[in-house]
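Okay, here's what each chain looks like letter by letter:
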Amino acid sequence: MLKSLDPRVNRLNLPEQFEAPMASIEALDQFETYQAFVQLKEGKPFEHAGIVHAPNEEMAFLFAKEQYTRRGMICNALCVVKTESIMVSEITDNGQDVYDSFSGSFSEDDSASFEIFHLLKRGKQHKYIGNVKAKDFEDALLASKQLYPRTKPVYNVWVVRSEDILMSEPEDADLWNTLKEKQYREAIAYKAADKIKAFKEEQA
Amino acid sequence: MYGGGNVFETMKATALADEDPVKLAEFEARIDRGEKIEPTDWMPQLYRKQLIRMIEQHAHSEIIGALPEGTWITRAPGFKRKLALMAKVQDEVGHGQLLYSAAETLGKSREQMIQDLISGKSKYSNIFNYPAFTWADSCFISWLVDAGAIVNQVANSKGSYGPYCRALERICAEESFHLKYGHHCVIHLATGTKKQREMMQAAVNRWWAPMMHFFGPSDKISVHSEILMRWKVKMASNDECRQQFLDMYVPKIWELGLTIPDEKLKKNQETGQWEFTEPDWEEFKRVINGDGPCNKERLAVRRIAEERGRWVRQALLAPKSKYVTPLA
Numbered sequence: 001m002l003k004s005l006d007p008r009v010n011r012l013n014l015p016e017q018f019e020a021p022m023a024s025i026e027a028l029d030q031f032e033t034y035q036a037f038v039q040l041k042e043g044k045p046f047e048h049a050g051i052v053h054a055p056n057e058e059m060a061f062l063f064a065k066e067q068y069t070r071r072g073m074i075c076n077a078l079c080v081v082k083t084e085s086i087m088v089s090e091i092t093d094n095g096q097d098v099y100d101s102f103s104g105s106f107s108e109d110d111s112a113s114f115e116i117f118h119l120l121k122r123g124k125q126h127k128y129i130g131n132v133k134a135k136d137f138e139d140a141l142l143a144s145k146q147l148y149p150r151t152k153p154v155y156n157v158w159v160v161r162s163e164d165i166l167m168s169e170p171e172d173a174d175l176w177n178t179l180k181e182k183q184y185r186e187a188i189a190y191k192a193a194d195k196i197k198a199f200k201e202e203q204a
Numbered sequence: 001m002y003g004g005g006n007v008f009e010t011m012k013a014t015a016l017a018d019e020d021p022v023k024l025a026e027f028e029a030r031i032d033r034g035e036k037i038e039p040t041d042w043m044p045q046l047y048r049k050q051l052i053r054m055i056e057q058h059a060h061s062e063i064i065g066a067l068p069e070g071t072w073i074t075r076a077p078g079f080k081r082k083l084a085l086m087a088k089v090q091d092e093v094g095h096g097q098l099l100y101s102a103a104e105t106l107g108k109s110r111e112q113m114i115q116d117l118i119s120g121k122s123k124y125s126n127i128f129n130y131p132a133f134t135w136a137d138s139c140f141i142s143w144l145v146d147a148g149a150i151v152n153q154v155a156n157s158k159g160s161y162g163p164y165c166r167a168l169e170r171i172c173a174e175e176s177f178h179l180k181y182g183h184h185c186v187i188h189l190a191t192g193t194k195k196q197r198e199m200m201q202a203a204v205n206r207w208w209a210p211m212m213h214f215f216g217p218s219d220k221i222s223v224h225s226e227i228l229m230r231w232k233v234k235m236a237s238n239d240e241c242r243q244q245f246l247d248m249y250v251p252k253i254w255e256l257g258l259t260i261p262d263e264k265l266k267k268n269q270e271t272g273q274w275e276f277t278e279p280d281w282e283e284f285k286r287v288i289n290g291d292g293p294c295n296k297e298r299l300a301v302r303r304i305a306e307e308r309g310r311w312v313r314q315a316l317l318a319p320k321s322k323y324v325t326p327l328a
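Chain order of the listed sequences is A and B. Every letter in the first sequence is one number past the one before it in our numbering, and letter 46, counting from 1, is 46. Every letter in the second sequence is one number past the one before it in our numbering, and letter 71, counting from 1, is 71.
A few of these clues could be false.
As the list claims (entries may be wrong) - The calculated DSBU-like cross-link candidates involving lysine-lysine, where the alpha carbons are at most 30 Å apart (straight line), are:
| no. | chain 1 | residue 1 | chain 2 | residue 2 |
| --- | --- | --- | --- | --- |
| 1 | B | K267 | B | K80 |
| 2 | B | K194 | A | K197 |
| 3 | A | K200 | B | K266 |
Unchecked claim - Restraint ranges, calculated between C-beta atoms of paired labels, are given here:
| no. | chain 1 | residue 1 | chain 2 | residue 2 | range |
| --- | --- | --- | --- | --- | --- |
| 4 | B | Q273 | A | E84 | 28 to 38 Å |
| 5 | B | Q45 | A | M87 | 41 to 51 Å |
| 6 | B | E169 | A | K152 | 38 to 48 Å |
| 7 | B | T271 | A | M87 | 51 to 61 Å |
| 8 | A | R11 | B | K158 | 43 to 53 Å |
| 9 | B | D116 | A | N10 | 26 to 36 Å |
| 10 | B | S321 | A | E19 | 31 to 41 Å |
| 11 | A | D164 | B | P319 | 56 to 66 Å |
| 12 | A | N10 | B | L16 | 33 to 43 Å |
| 13 | B | S218 | A | G104 | 18 to 28 Å |
| 14 | B | K194 | A | E57 | 22 to 32 Å |
Please keep in mind that the hints were generated in silico from the structure rather than gathered at the bench. Glycine residues also receive a C-beta, built at the ideal position from the N, C-alpha and C atoms.
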C-alpha cells in the first residue's frame, strides 16, 4: 500500500504499483468546446475570455462562470458560443486589414441576425463590435465591412448567429454580486508591511 | 506555478530542412516584428512540438502543484486561512485548465495530455515531488514557489504564441494574490512565537534545495536553445530566472530573521550576481525521472481521480456532439 503524509490519500488505499496501465481516456472525454465572452462593466464591449469543454451549452455557461468570472471585483455579463458555430475569417498581419480581402455585393435579404467580433491586435482578445442583419455568414462579413468603418486594421473576424449565443440575462447580474465579498481572493487583502516594520524594530 | 528547466526535445540537425523556406521566413519576420503567432498561422513543426511540450508541462505542474497545498486546506489554521487556501488551490486548477486549452489549440487533445501525465510520459515541475510536512511547508510553497513561478511566467508571457501569452497574462494577474497571501502566512509564522519561527525555519531548510532546482540546470549554449530563443519560445535562461528570484526574494527572507541553508549564498557586489553552492543536479535528475519522495503518490492520486470520475464523464457523454479544436 502507498504510504502518504496525507491521511486522505492513505484512505484511498492506493497500491504501491498499479498492475496495468490506465485504460485510454481518449474517446471518453471529448466534450464539445465553447468560447466564453465576458463583459466586465455595463456599456463595455464583450471580450473573448477563453474556452471551456462541456457536455452542453448550460454546463458550458456554468464552467465559464467559474473559470472566467470567479476573480476580480466586478463582472456584468457572460455569454458562451459553441466553437463550431463561429465562422472564422482568414487572419492577416503587419497592418493589413482582413476586410480588404472581402469584396462584392451582398443581398438585401436581412432575415438573420449575426454578431461580429474583431481582433485588433495579434495576441489580444477578440472584442465585440456589433450586430448585423444579413442572409448568411459571407453577407454578414460584407455588411459588417460597410456598417462598421475602421480606423485601425482588423486582423481577424469572428461571426456568430445571434441565436447561437447563450447570454446571461440582465437580471442574472446578481450572480456576480458576491465578488465584492470575496476580498480574500485579492492581493489587497494581505497587507503586512506594518508587521514587518514592527518586527524589525523589535529586533533592532 | 511553474519553474524553468523545461524539458525540451533535442533537436535534430535536419529539423528545419523539410520546412518551406518562404513560409519559414514569413513566420520569422512576423516574430521579429513583435507580432504574436495565432493557432491558424503556419508554423514550423519544431515550434509546434516544443510549444506543446512546454505548455503541457506547465499545465501538469498546475494540476500536480495543487496536491501538496491541497493537503493542508482542512488543517489550515483558522477559517480565513482555509478560505484563502481553498481559493488559491482552485486558482491553480483553473490555471491548469487555461493552459491545457492553450496547448490544445496546437493540436494535442486535453485527454491525450492527461493520459501522458499519468503514464509518466510527460513531466511536471520537479518541486512537487517533495512532501509538505507541516503548515509552514504549505506557506513556503504559497509564497516562494509561487514567486519563482511568477518570475518564469512573466518572462514567458512575452513569448510569441498568442494563446499561451493570453493564458499567462490571466494567470499572472491571479498569482499576485497567491504571492501576497503566501508572504502574509510566512510573516505571521516568522514574527510569531518561538515554536512558529522554528517551524518556518525548518520549512525553509527543507525546501531550499528543491527551490534552487526549480529553475533547472544552467542552460548550455546550443543551436537548440538559440533557435528557441529566436522564436521566442524560451524567453529567459534558467540562470537568469534563478538570479532574478534570488535578487527579489533573498532579502525578503532575511528581513524576517530567517536563515537560508547555504553558507556560500551571497551577492557578489562587483558582478551583481548571486553566488551559491552548486545544486545537486544528480538528485534533480533522479527525482525528475521518477525517484523522488512523492512521484508515485502524485501520479497515483491523479490516476485514481481519473478512474473514479470515469462514470461521471460516461454519463455526460453526448455521442452526437462533435469535438472542435478551440479557436484561441
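Tell me if the straight-line CA distance from K194(B) to K197(A) falls inside 30 Å. It holds: about 19 Å lies between the C-alpha atoms, which stays within 30 Å.
Falls inside 22 to 32 Å, the C-beta gap from K194(B) to E57(A)? Given a distance of about 58 Å, which is not inside 22 to 32 Å, the answer is violated.
Holds or violated: are the alpha carbons of K200(A) and K266(B) at most 30 Å from each other? 21 Å, holds
Can you tell me whether the CB distance of R11(A) to K158(B) sits inside 43 to 53 Å? Holds, at about 44 Å.
At the C-beta level, are S321(B) and E19(A) separated by a distance inside 31 to 41 Å? Check passed, 34 Å falls within 31 to 41 Å.
Holds or violated: 38 to 48 Å for the Cβ distance of E169(B) and K152(A)? Violated: the Cβ-Cβ distance is about 21 Å, outside 38 to 48 Å.
Beta-carbon spacing of S218(B) to G104(A) - inside the hinted bounds 18 to 28 Å or not: 59 Å, violated
Between T271(B) and M87(A), is the Cβ distance one that fits in 51 to 61 Å? Roughly 56 Å apart at Cβ, these two residues keep to the hinted range, so it holds.
Kindly confirm whether 28 to 38 Å is satisfied by the beta carbon distance between Q273(B) and E84(A). Violated: the Cβ-Cβ distance is about 53 Å, outside 28 to 38 Å.
Assessment of proposed distance window 41 to 51 Å (beta carbons of Q45(B), M87(A)): Given a distance of about 28 Å, which is not inside 41 to 51 Å, the answer is violated.
Are D164(A) and P319(B) spaced within 56 to 66 Å by their CB atoms? Since D164(A) and P319(B) have Cβ atoms about 21 Å apart, the given range 56 to 66 Å is violated.
Taking only the CA atoms, is the gap from K267(B) to K80(B) under or equal to 30 Å? Not satisfied, since the Cα-Cα distance of roughly 37 Å exceeds 30 Å.
In this structure, the earlier hints numbered 1, 4, 5, 6, 11, 12, 13, 14 are contradicted, and the remaining ones agree with it.
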